[in-house]
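The task is simple: from the sequences and hints, build the whole structure.
The residues making up each chain are set out below.
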Amino acid sequence: MSTSVSQAAPTPTEEVRTARQRRLIRRLNRNNAIASSLLWLVTAMVTVLFATIIIYIVISGLPAFVTGTFYGTGAGGIAAELFNTFYILILTELFLFPISLAAAIFLVEYTRQGLFVTLIHFAAETLAGVPSLVLGMFGFLLFSIDLHMGISRLAGALTLLCLNFPIALRLFESALNAVPRELREGGLALGATRWRMIRTVVLPSALPGIITGLILTAGKIIGEAAALLFTMGTNNPNDVFTLDPRIASDTLTIHLYYLKQTGIGTSGLGATGEAALDAGLAATLIILLLLINIAARMVGRQIERKLTAA
Amino acid sequence: MQYSQRGRLNDQIARAVCFVCAILLVAVIIAVFFFIGSKSFKIFSEGGNPKTFFTIDNWDPTGVNDPNGNPTYGGAGLLLGSIVITLGSIIIVTPLALFTAVFFTEMAPRWLVRLLQPLIEIFTGVPSVVIGFLGLTVLVPLLSRFITPFAASLAIEGATAGYGWGSAILVLVVMVLPTVLSVSIDSLRAVPDGVREASLALGSTRWQMMRKAVIPAASTGLGTAVVLGMTRAIGETLAVALVLNGSSLPDKLFSLGALFQPNVNVTAQIAQNFGEAVGTPAEDAYWTLAFVLLIISFLFICVSRYLASRSVYK
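One line per chain: the protein sequences are A and B, in this order. Numbers in the numbering used here are just positions in the first sequence, counted from 1, shifted up by 45. Numbers in the numbering used here are just positions in the second sequence, counted from 1, shifted up by 89.
Accuracy of the hints is not assured; some may be wrong.
[Claimed, not checked] Quick list of in silico lysine to any residue cross-link-like pairs, SDA-like style, CA-CA up to 20 angstroms: (1) A:K265 / B:K403; (2) A:K265 / B:I211; (3) B:K403 / A:V162; (4) A:K265 / B:A371; (5) B:K403 / A:S219; (6) A:K265 / A:F140; (7) B:K301 / A:N74; (8) B:K403 / A:I79; (9) B:K301 / A:I79; (10) B:K131 / A:D191; (11) B:K301 / A:A80; (12) B:K301 / A:I70; (13) B:K403 / A:E170; (14) B:K301 / A:R75; (15) B:K403 / A:R215; (16) B:K128 / B:K301; (17) B:K341 / B:P238; (18) B:K131 / B:I384; (19) B:K301 / A:N76; (20) B:K403 / B:A302; (21) B:K128 / A:D191; (22) B:K301 / A:L69; (23) B:K403 / A:H166.
[Said to hold, decoys possible] Covered stretches of chain A (chain B as the covering partner; in silico rule of three or more C-beta atoms under 8 angstroms from a C-beta of chain B): (24) 155-166; (25) 239-249.
[What the hints assert, rightly or not] A short, non-exhaustive set of chain B residues, derived as facing chain A with CB atoms under 7 angstroms: (26) Q94; (27) R97; (28) L98; (29) A103; (30) W296; (31) A379; (32) S386.
Just so you know, these hints were derived from the structure itself, not from any lab. Beta carbons are placed, not taken as given, at the ideal position from N, Cα and C, and that holds for glycine.
Okay, structure coming up:
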C-alpha cells in the first residue's frame, strides 16, 4: 500500500520516514551491541569470581599439605576429621541409598502420575527447602533426645538422611525415568512380575545414573555442617578411630567452623599455625569435592558411551 | 506354579517396601513441622509475649543483661537481620544470575558452555563453611581496610569494622548465585527454539529476541529461581555466622555504618547459642526462632511451587 503511494508521489514525508527507519535500525543494532557486551561482561565476571575462589582456596591450603603434622592425629592434624567424614558418609549412604532408591522405584515404577505422586513431590520440595540448621535442631530433638541416641554419629547420619532424602529421590527418579519404556514393556511381555522386571531390566539400565546420583549426594554429605552441629557435636573422644556409631565426633566442615568460631585459639598452634590448618581444611574439602565431581562426570560419560554404542 | 506364586509374593513385598519408603518422606516433613511446632509455643506460656516477640529488639533469653535476671524475648532485630541480608543478597544475585543465564543459553559459544557448566556444578556444592572461612579471612579484612578510614564518620568501631551485614550479603551472593543460576539456565533452556526462531524471523535483533520473547516465556521459571535463592539465603547458617560475628543489633540502625559492624541474624544466633541453651528455659526461645524460619521457608517453597505451576514450558 504505502509503496504504491510513494511511487506515485515521492513526498518529503517519505524521506523522513526512511530516515526514521534508518535511525530505528541503528538504535536497535546499538542496543543489541550494548546488551551483548554487557552479557559478556557479567558472565566473565561471574566466571572469574568462581574460578578465582576455587583456585585461591586450593593454593592457600598448599602450605598445610606439606607439613607432616597435617595428616596426623595431633592438634594440627586432620586424620580424625578425615576418618569421621568418610565414616559419616558411608553410614549415611547406608540409610540414604536404599531408602531413597526404593522411594524412587515406587514413584516411577509402581504408581501412576496422580495425586499421590504430587503429594510426595510437594513433601520433597518442602523438605528440601527446610534450612539445614532447623533440620539439625529437629534431628537433635527426635534422634538425640526422644530416641535416646544422644549426640552421636548415628543421630548425625539419620539427620543427614532426612536432609538429603529429597535430593537423592530426585536424582534417582531421573535416573529411572531415563530408562526407555520399551525395555520395561519387553520385560513385562515376557511374563516377568513387575519386581523381577525392575530388578533385571530397569535397575541394570539405570545403574550409571544411580551411581552418579550416589556420588552427587556424597558431595552434599561431605559438605554439610549446620545439620551436624547439634546432632554430632564439635569434639572428638579419645578413641575416635572406631566404628562405634554411638560416639560424638566432628567432621572436616564442623572442625573448620569450630576453629573459626567458638574454638578460636584453642588448638595451641598459634595464629599462623591455626591459619594454615584452617586453609588446609578448606582446601581438603574443595579437593574432595572436585574429585567427587570428576568421578560423577566420568560415570556420566560412561552412560553416554553405553547409550551411543547400543 | 510354585515359582510364579513366589514371584508374585516377592512383587507384593517389594511394592510394599517401596511404598513405605516413599511414605517415609511425607512422615519426615510432617514430623519436622510437628516436633518443632510443638516446642515453639512454649515460651509464650512461660512469660514470652507473642506480640513483643516480633516487635521488640532485645534478644536476651537467659536474662544476663537484665538487673533482675528476667529474660526478654524480642526477636525483631534478629528477623530484621535475616530479612536485610536475604533481600540485599538477592538484589545483587538476580541481575548477575539473569544476565549470565541469558548469555549462557542464548549467546555462549559451545566451548565456553563446556567450560562453564562444570564450574557452576562444582560451585553449587562448595560447603558453606568454606565460603564463610573465605569471607572471614579475605572479605572481612578487605572491607575493613576500605572502611576503617571512614570509621569515625560512620560512627563505628575501627577494630571490628568489616564484619556485619555488608560482608554477610556478599558471602550470601557467592552462596546463592550458583543455585539461582542453574535453575535460571534450566528454565531458559526449557523455552522451545520455535519461540526464538519466530522472533528472529520477524526481524528482531538478538537482544530484542531475548528481551521480548525468551525472557517473558521463561519468566515464571526465572521467578522460581529467585525464590529458591531466597529460600537458600534465609536458611544459610555457618557462612553467615562467621562473618556477622555480633551479639546484638548496632545502636544506629538506620545508617550506612550498620552494614559494616558486627551484627545479628536468626540463624547465626541459633548456631552460636542453641547448644548452650539446651536444658535451660532459654532453649524454648530458640525453638520459636527455628519455627519462624521453618514457616518462612515453607512460604517461599509454596510461592516457588505456585510460580512453577504457572509456567508454560517445563
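**Study point:** Holds or violated: K301 (chain B) to R75 (chain A), with C-alpha atoms at most 20 angstroms apart
**Key:** Holds, because 17 angstroms separates the two Cα atoms, which is no more than 20 angstroms.
Review point. Between K128 (chain B) and D191 (chain A), does the CA-CA distance stay at or below 20 angstroms?
Key: It holds: about 13 angstroms lies between the C-alpha atoms, which stays within 20 angstroms.
Review point. Would the pair K265 (chain A) and A371 (chain B) pass a check requiring their Cα atoms to be no farther apart than 20 angstroms?
Key: 32 angstroms, violated
Practice item. May I ask you to test the interface hint for A379 (chain B) with respect to chain A, counting a Cβ-Cβ separation under 7 angstroms as satisfied? Key: Interface hint status for A379 (chain B): holds (5 angstroms vs cutoff 7 angstroms).
Point to revise | Given pair status - I384 (chain B), K131 (chain B), alpha carbons within 20 angstroms | key: Holds - the C-alpha atoms of I384 (chain B) and K131 (chain B) are around 17 angstroms apart, at most 20 angstroms.
Review point. Taken at face value, is the distance from the CA of F140 (chain A) to the CA of K265 (chain A) at most 20 angstroms?
Key: Given that 20 angstroms is the threshold and the Cα spacing comes to 15 angstroms, the pair holds.
Point to revise | Restraint outcome when W296 (chain B) is required to lie within 7 angstroms of chain A by C-beta distance | key: 4 angstroms, holds
Point to revise | 20 angstroms limit on alpha-carbon distance, applied to hinted pair K301 (chain B) and I79 (chain A) | key: This hinted pair holds, its Cα atoms lying about 16 angstroms apart.
Exercise for review: Could you grab the alpha-carbon distance between K301 (chain B) and N74 (chain A) and see if it respects the 20 angstroms cut-off?
Suggested key: 15 angstroms, holds
Exercise for review: Measure nothing beyond the straight line between the CA atoms of K265 (chain A) and I211 (chain B); if it is 20 angstroms or shorter, mark the hint as holding.
Suggested key: Roughly 11 angstroms between the alpha carbons, so the hint for K265 (chain A) and I211 (chain B) holds.
Check your understanding: Are K128 (chain B) and K301 (chain B) close enough, with their CA atoms no more than 20 angstroms apart?
Key -> Since the Cα atoms of K128 (chain B) and K301 (chain B) sit roughly 50 angstroms apart, the hinted pair is violated (cutoff 20 angstroms).
Exercise for review: Could you check if L98 (chain B) really has its C-beta closer than 7 angstroms to a C-beta on chain A?
Suggested key: Interface hint status for L98 (chain B): violated (9 angstroms vs cutoff 7 angstroms).
Consistency with the previously given hints fails for numbers 1, 4, 8, 16, 26 and 28, ordered from lowest to highest.
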